[in-house]
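Engineer: Residues per chain are reported as follows:
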Amino acid sequence: MNEAKTLPFEKKAIGKSPWRVDGIGLVTGTAKFTDDIFLKNMLHAKILGSPHAHARILEIDTTAAEKLPGVVIVLTYKNVPRVPHTTAGQGYPEPSPYDTFMFDTKVRFVGDRVACVAAETPEIAEQALKLINVKYEALPAVFDVREAMKEGAPIIHDEPDADGIHDRKHNIAAHYDVEIGNLANGLKEADFVFEEEFETQYAQHCALEPHVCIGYLDDNHRIVLRTATQVPWHARRIVAQCLQIPVNQIRVIKPRIGGGFGSKQEVLLEDLCALITVRTRRPVKIEYTRREEFIASRTRDPSIVKMAIGVKKDGTFTAIDQRVTSWTGGYGGHSLTLLTNVGSKTLPFYHCKNVRFWGDSVYTNLPVTGAYRGYGATQGAFAMEQVMDMIANKLGIDPIELRKKNHIQKGETNPVFAALGEGKEGHDNPIESCGLDECIDRAAAAIGWNTKHRRYQKRDPNAKIKRGIGMACLMQGSGIAGIDMASARIKMNEDGSFNLLMGATDLGTGSDTILAQIAAQVLGVTTDKMLTYSSDTDMTPFDKGAYASSTTYVSGGAVKKAAEACRDKILKVAAEMLKEDVANLRCENAKVVSKSGKEVPFPNIISRSLYGQNQFQIEGEASHVSYVSPPPFAAHFAEVEVDTETGQVRVVDYVAAVDCGVAINPKLAEGQVEGAVMNGLSYALCEEMVFDELGRMLNPSFFDYRLFTTVDAPKIKTILVETYEPSGPFGAKSIAEIGINGPLPAIANAIYDACGVRMKKAPFTPERVLAAILAGK
Amino acid sequence: MFYQPNVIEEALGLKAELKDGGTFIAGGTDVVVLMNHGKAAPENFIDLTHIPELRAIHRHDGALELAGNVTYAQAGKLPVRCLALASLSVGGPGIRELGTLAGNLASASPAGDGSTALLALDAEVELTSVRGARRLPLDKFFLAYRKTALAVDEMITKITVPTTYRSDWSKNGKRGAMNISIVAAAVAITPKKETRIALASVAATPIRCYKAEKFLTENGLNAGTIRQAAEIVRTEIRPITDHRASADYKVHLSGVMVRRLLENLVKA
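From first to last, the protein sequence lines are chains S and C. Yeah, the first sequence ends on 777 if you go by my numbering, and it's all consecutive. Yeah, the second sequence ends on 268 if you go by my numbering, and it's all consecutive.
Any given hint could turn out to be false.
Unchecked claim - Taking lysine-lysine pairs in the DSS-like style, the calculated list, with each CA pair at most 25 Å apart, reads: (1) S/Lys667 / S/Lys16; (2) C/Lys39 / S/Lys130; (3) S/Lys464 / S/Lys130; (4) S/Lys67 / S/Lys78; (5) S/Lys78 / S/Lys458; (6) C/Lys267 / S/Lys464.
It is worth saying that the hints were derived from the structure and are not from the lab. Everything numeric in this text was worked out from a predicted model, so none of it was measured.
Working from the sequences, and respecting the hints, build out all of it.
Structural biologist: What follows is the structure, encoded as structure tokens:
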């Protein structure tokens, strides 16, 4: 059953959980985050956010602010280049509309950029914001996508120089429609058709470290941006675009990062920092407050997902129709790809010949949405996996059996993969590893599915507090096929250690450690021999950035190849030294060993190469791109207690089993799963950005926006099901996102099992659950 | 200025002199939050944490006398069920070590956990100033939203709580830890079999439900009367809709919570 039991290599540096390469610095507090440096003469900048959800700026008078002692510069639309661009840090050309300007004459949500002040202290900058006199013409605003698409709704992007908007008159930023087979015929063939609509809410990533950037000029007057980003190269490119300067004038450095979850796949402060530092010739820092983080950074896109699934009595699917309408907020970064990802991560999962995916991503005057762990798949799984539960109940079969009968298997592909790519046609994606059945079986056994599902209610029908159990199956991807590229460079030092220089961006995930393990495995050394340095656009080669579950899989592929190139050079030198054929040599325990038993330690090899004969730097460099995106698969099970009188839902047990390919670092893999599950539980049960009738967020602080804490965590069991993914580095797949998609549907299905109500709108707050219970009576 | 008096008299003298310009601070768990949110900017602080006698807990016949600086952590160990449970439901351990019951009363938050438990217990406060001391039953203490009977020169020096009541506590929020309640409820039964019901987060201040109490006191406690009393509670309160929950839900929840608490008390 376990494909990974016969691996084509022996686990040495991988498959272990060594100390993180940045661990000591992190736990002792010596690790330097963006804000942990203090530069002489540094300015502090603050941003004036719009008080209106939708308004035209008729006039801005900054005279009083500029006169305030300590104010150095004030930026508005009047004194910056007007360049349409997207803040979405995606590969170039970005599949997002160019509908954003550094500053515009119009504001499109409460908190939208109006002006920026840089001053000697943050307090002066804050005070100066109050002295900026802005004359607004308030415009009618729209907050619901259904209203925004209607004829006569306020047009949010009426600026003529925006580019790439699908239908600006109906506020549609992006649209997609694709049909495989014949949906209408498929629905006719069905014995039952399930038509259901699901809706998810606005939420924020709540990374502990907010967006923060420090800009300064180096000795040669180039701009250096030290920034909390997931996308150093895209940030450099987008800043160059906004400022209309060459990329060679900018260096982006990513220090330690305090989490991103997608919110830092976005260029929000870097353009301002760069411009202020260029204009003032002084260092400058901008840091979002927690309030700004909520209202002016990026959020999860709420979505309405309408499903129609045709099914035969035996549980065969004849048609799947998925229609998505999602909120992109005031601007359209990620609009198209968030939309298509709802389908591309749920539709290929099940066998069905007739499939349609269609949808719109729609502007409103609410905060801008963007990348957030799961990236549409979370919303898609909520809908798809609840409908699966409904079908299983209607047909009277076990939800597990329905999934096992229909899910994609190793050796198969699905036409949806090629039809739904990154906002355009994608690549076929034959599945070469799938441990889903083992995930289902082991998780079901761990939670006691067979003795609990559909059984609780028979035991005590009159109980006020009811128990139930639910499950969901999931898939995500590993990077973006044919688009994401990563590269790495490894050079050998004279003591046999190595510098591992890579573009890959560790934003707190531990990827520096995982990638070091991959290199160490190739080179036959322990992980501590790898000196990692990542994400510096001057010093390390390119990487697409840390998003789309790509670092272990794509960047790991680059690191493995670079290590192999380096190893080949080591072997070549060793061959000369040992007078052996390269084919008879291998790297092991920091030595080169021959089949005949001869050996030479690494320091001797590099010493000869640097100081002795045929001198050169032993190093390897490689790039990697994958034309497949092997999905990790997962089965999640939740057991809940529902208080039918108050609507309170308590998760009492949670089991997540994930097919991660080969686990390079089991502890970090478990950490990703547990973190994502907690993230998902919080999203399912309590997180929600609430707005008033003017589009102002009512709970923009941790005082009022409730996240799950450790105390709220139920018992969570993580099961890593190892398979071998042939296209991955040492058989690995990426699993950073998949875990967040489970709690919504698994808990919803458990609530149904407990008390027979369907939660079609998230989050499942006590009030919403109670309303559903009362409506069902 | 940050004053650190060592005796009560000195603190009272400072307050009499500074009046509104001087803010008492003990744990700072309310006032510092208000400052962070830009809702308060005190000119002077009078720190009460260096006055040892304000930490004292004395036991008299049938009552506890809690001095003004008794913390939630201290109160969490007291043999008065609803007060102990309410105190342990406040914030996290760090907050409970710093935050004080008297501070909770003085800030008069509508969601005050300690305040609500004390209300159900017929607690009395001693308010002291340079002019002397006076005693006030707690149900006369809360006047309006964040307004109390404290005069500008007064300090809460004591809270008297009976130990003869049987009581219970329950709190419902969006999550389990460090929570602001959607509704919190305290119930108590006096030695004369009178019922007390107090609720948090359903009005401008923590409140008592007098009508329901009276009904139960007159009709006795049993499954039927408890259910009726819960209905009365629902008619007695008029909470507002906010981002935590709608008014209707808070009304419903209050009824369920009071009923369950009383049912448990009768069973026990």
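Engineer: So, for every hint listed, does it hold in this structure?
Structural biologist: Structure-based check of all given hints:
Between S/Lys667 and S/Lys16 the alpha-carbon distance is near 8 Å, which keeps this suggested pair within the 25 Å criterion. Annotation: proposed proximity of C/Lys39 to S/Lys130 holds, straight-line Cα distance about 17 Å (limit 25 Å). Restraint check for S/Lys464 and S/Lys130: the C-alpha separation of about 54 Å exceeds 25 Å, so the hint is violated. Proximity of S/Lys67 to S/Lys78 is assessed by CA-CA distance (about 18 Å); at most 25 Å being required, the pair is judged to hold.
At roughly 70 Å between alpha-carbon atoms, S/Lys78 and S/Lys458 are farther apart than 25 Å, so this suggested pair is violated. Only pairs whose Cα atoms come within 25 Å are accepted, and C/Lys267 paired with S/Lys464 is accepted, the gap being roughly 17 Å.
The structure shown violates the earlier hints numbered 3 and 5.
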